[in-house]
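Colleague: Given next are the chains, with one letter for each unit.
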Amino acid sequence: MRRLPTWLLLGPGTLWLGAFFVVPMLLVLAASFLQRGVYGGVEPGFTLEHYRRFLDPLYVRVLWRTALWAGGATVACLLLGYPVAWVIARSRRYRQLLLLLVVLPFWTSFLVRTFAMIFLLRDTGLVNSLLLRAGLVREPLTLLYTPFAVLLGLVYGFLPFMVLPIYASLEKLDGALLEAAEGLGARPAARFFTVILPLSLPGVIAGSLLVFVPALGSFVTSDLLGGAKQVMIGNLVQNQFTTARNWPFGSAASLVVMALVLVAVGLALRLRDRGAAQGLAP
Amino acid sequence: MKRAVVWLAAMVYLLLHLPVLVLVVFSFNASKYSVSWTGFTLDWYRRLAGRDDLLRGLRTSLLVAGLATLIATVLGTLLALALARRRFAGRRALEGLLYLPIVTPEIVAGISLLVLFVALGVPLGIGTITIAHVAFNIAFVAVVVRARLAGMDHSLEEAALMLGADELTAFRTVTVPLLWPGILAGALLAFTMSFDDYVITSLVAGTGSSTLPIVVYSMVRRNVEPTVNAISTLILVVTSVLIWLANRLMRERPLATVRG
Amino acid sequence: MPIVEFIQVSKRFGPLRAVDDVSFEIRRGEFFSLLGPSGCGKTTTLRLLAGFEEPEPGGEIRVAGISMHGKPPYERQLGMVFQSYALFPHLSVERNVAYGLERRHLPRAVIAGRVARALELVRLPAAEFAARRPTQLSGGQRQRVALARALVLEPEILLLDEPLGAIDLKLRKAMQLELKQLNRALGITFVYVTHDQDEALSMSDRIAVMDQGRLVQLGTPAEIYERPRTPFVAGFIGESNLLDAGEGRRVAVRPERIELRDPGDPAAGLCGLPGTVDEVIYLGERMRILVLVAGGTRASATLQNEGQLARPLRWSRGDPVLLCWRPEDARTLEDA
Chain A
1 MRRLPTWLLL GPGTLWLGAF FVVPMLLVLA ASFLQRGVYG GVEPGFTLEH
51 YRRFLDPLYV RVLWRTALWA GGATVACLLL GYPVAWVIAR SRRYRQLLLL
101 LVVLPFWTSF LVRTFAMIFL LRDTGLVNSL LLRAGLVREP LTLLYTPFAV
151 LLGLVYGFLP FMVLPIYASL EKLDGALLEA AEGLGARPAA RFFTVILPLS
201 LPGVIAGSLL VFVPALGSFV TSDLLGGAKQ VMIGNLVQNQ FTTARNWPFG
251 SAASLVVMAL VLVAVGLALR LRDRGAAQGL AP
Chain B
283 MKRAVVWLAA MVYLLLHLPV LVLVVFSFNA SKYSVSWTGF TLDWYRRLAG
333 RDDLLRGLRT SLLVAGLATL IATVLGTLLA LALARRRFAG RRALEGLLYL
383 PIVTPEIVAG ISLLVLFVAL GVPLGIGTIT IAHVAFNIAF VAVVVRARLA
433 GMDHSLEEAA LMLGADELTA FRTVTVPLLW PGILAGALLA FTMSFDDYVI
483 TSLVAGTGSS TLPIVVYSMV RRNVEPTVNA ISTLILVVTS VLIWLANRLM
533 RERPLATVRG
Chain C
543 MPIVEFIQVS KRFGPLRAVD DVSFEIRRGE FFSLLGPSGC GKTTTLRLLA
593 GFEEPEPGGE IRVAGISMHG KPPYERQLGM VFQSYALFPH LSVERNVAYG
643 LERRHLPRAV IAGRVARALE LVRLPAAEFA ARRPTQLSGG QRQRVALARA
693 LVLEPEILLL DEPLGAIDLK LRKAMQLELK QLNRALGITF VYVTHDQDEA
743 LSMSDRIAVM DQGRLVQLGT PAEIYERPRT PFVAGFIGES NLLDAGEGRR
793 VAVRPERIEL RDPGDPAAGL CGLPGTVDEV IYLGERMRIL VLVAGGTRAS
843 ATLQNEGQLA RPLRWSRGDP VLLCWRPEDA RTLEDA
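Line by line, the protein sequences are chains A, B and C.
Here the first sequence is numbered in our numbering, starting from 1 and rising by one per residue.
Here the second sequence is numbered in our numbering, starting from 283 and rising by one per residue.
Here the third sequence is numbered in our numbering, starting from 543 and rising by one per residue.
Read the hints as simulated data drawn from the structure, not as lab findings.
The C-beta atom is built at its ideal place from N, Cα and C for all residues, glycine as well.
Be a bit skeptical, because a hint or two may be false.
Claimed, not checked - Listed next, the stretches of chain A that the computed footprint assigns to chain B, with coverage defined by at least 3 CB atoms under 8 angstroms from CB atoms of chain B:
hint	region
1	22-36
2	55-66
3	72-84
4	109-121
5	125-134
6	206-216
7	245-254
Chain A with its partners taken away, still in its complex shape (with noise of 0.2 angstroms):
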């Protein structure tokens, strides 16, 4: 039979995918035991000092920042998204080209995007410049370099990512279901409710941890827009392996940060079952 073996398709993309990704992270998982190299990179010794380290309120308050910053995004986009992801939904002519205007900046280069919000926010940036001018302020705001502009970056960045999965879902909707509540008198904030919230909900959970875990892990946006200040993990973890070299602990932090990923992922996953337990479909 001329026929591809099964492992000769799975094997190469398998073996890439297990030597350049799974065998690594179990690297670091060891690395986050071991003592820390003189010159950088790891020595033996088995160690728990790096997660106890973790303790440090001046980490604790990382996390806990990292957590909240990531947290208060997602809701940001979820109240921005969820508007636009109803409008695409709806519209009929327009669909296609809504949906490739959110597309769009969903790819085109984060960098780039970042350094739109440094162009507006710094202190010669635009808004301070239109403020200025209209006589609004007589000094420029610090805007960039404030817990403010990460999270205007964080939001900014990840918007498109809340509309899409939710824009699937609404897509889905049987507009039978809302005329048959407006026919049992259900007005239209009753409506959004009871039978459109719930049933976008797959969707709000999938878009919802498609912003949070990136936020969580977030590094370029704190790093252009926060500045030294504000730290987030992903910066911690940057740092352990340039200049503060410690390699361990970046480790350890890096860790941190995926248990806290798996734990998001997990609970979204555990809701999504949960609902489509009772009903709501995928």
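Place chains B and C on chain A using the hints.
Modeller: Below, chains B and C alone, put in the same frame as chain A:
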């Protein structure tokens, strides 16, 4: 109520696109520091041509992205085919493995690869960058191609078999033509992601090699001249075209004739 | 010699026995149907014949006396029309029909001629349809192209997997007739899978009724309909009343075989299950009378409509009646 929602959505669209539009507009502004418009100019674009570091970075990016896309597209497509068409043990595990690169934060993926390369004594450079890019692109291509395969009527290949085509011929004459837009779209997106990547690349590039994002990153950090605006605009235009193309391809061919 | 033989064929998917020890023969040129509800194994049986699945060890499938063991579909020389038609969306109608001929590397002129003739056969004039794409065709037209594509290869056996499911009623009846005529005209053996018993009854020479993987009854339409062997067959094909025939016996009687008489009618003779008229339903061609009998069962009697305006029915709701039937129309069931 409905009007309010539409207005809110419009505002959000504005928020999404305004910053970038501003960026683009000011790449043509003659003024160097001030945000007031002093005149139209292409000076900043001309200066780009003179920047060796940018040109080198561009060349490196194209090389890495091209190579990584090629490898990842082949491997990812093969994986997608296996997942969609074959039964095998450990299927669930593979699906999980495919989502790992998508879920893992870039910083974690980057440092783990750094640890690997250092542990193995592999010198950092274009090779390690390419290896890293392939790793995260495979998962992505596999997911995209798999989605396309899932939408494909499975009985098309069976029909080909009944009409006398063996597996390879059926693959060549039925599966590939129908799958091709999906493969191409996956490749285009992989290329874009590879071209744009900063975090992972910066960690495994070592001191010798710089891709375009790495060069632009340091420019952004110093953010002095509108030259940064110019290069940003160019990157934007190129990637937008690629994405638009990928979008068109995905919508092009019907995958199956729906019954009735 | 039969053209197809299934000898103790089984097929398992994990713990599920999709096809369970099935044996039958198909005669050359006949219109043979596999009939049953969803999940009964009829499609799996067809796929086993097509070569997409292999039977469990111990079972054998033979075509024209040759064992099909280990033979992939493309070596079996069978034609197939799929449930979803499976027309190649990236090829025109002409290229679709030509596909099998191209695989045989026939000269282009020959292919063109055979494609044109095949399209004529299914009444899709080549001039109008050859260049079209499947997406530009209606459901009925796609079905014909799928047929042409299979027939152009002049197979000895044509497999059809519920090909008329998505077509509306009027067109379906017309297509059923066409398929039957093709079967007769071309002399090709048709193996037809359907869950629609009317379809099977009207088209087939013989029907194999399946349930839960097993072959329950094999016979002509008349045998299946008039002499069902099990309650399942009696219930699946047409309607059946399960009635108390006295002396503890239970029988199955078709609604159209029941006569209604007034109580005390001397011509009633031996028959006579008393009951009360519960509903009178107007069906146009027929009248359906639902009668409540002792024990709470609702029996259904179908009577010819003699014209309710000129000669209305004698009974209406609440009237007492006698249900009568001839002894030969009552089936004592095997697993009663």
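Colleague: Could you run down the list of hints and mark each one as holding or not?
Modeller: Taking the hints in turn, this is what the structure says about them:
1. 22-36: With 7 residues in contact (Cβ-Cβ under 8 angstroms with chain B), the coverage given for the region 22-36 of chain A holds.
2. 55-66: violated (count 0)
3. 72-84: holds (count 4)
4. 109-121: holds (count 12)
5. 125-134: holds (count 3)
6. 206-216: holds (count 3)
7. 245-254: holds (count 4)
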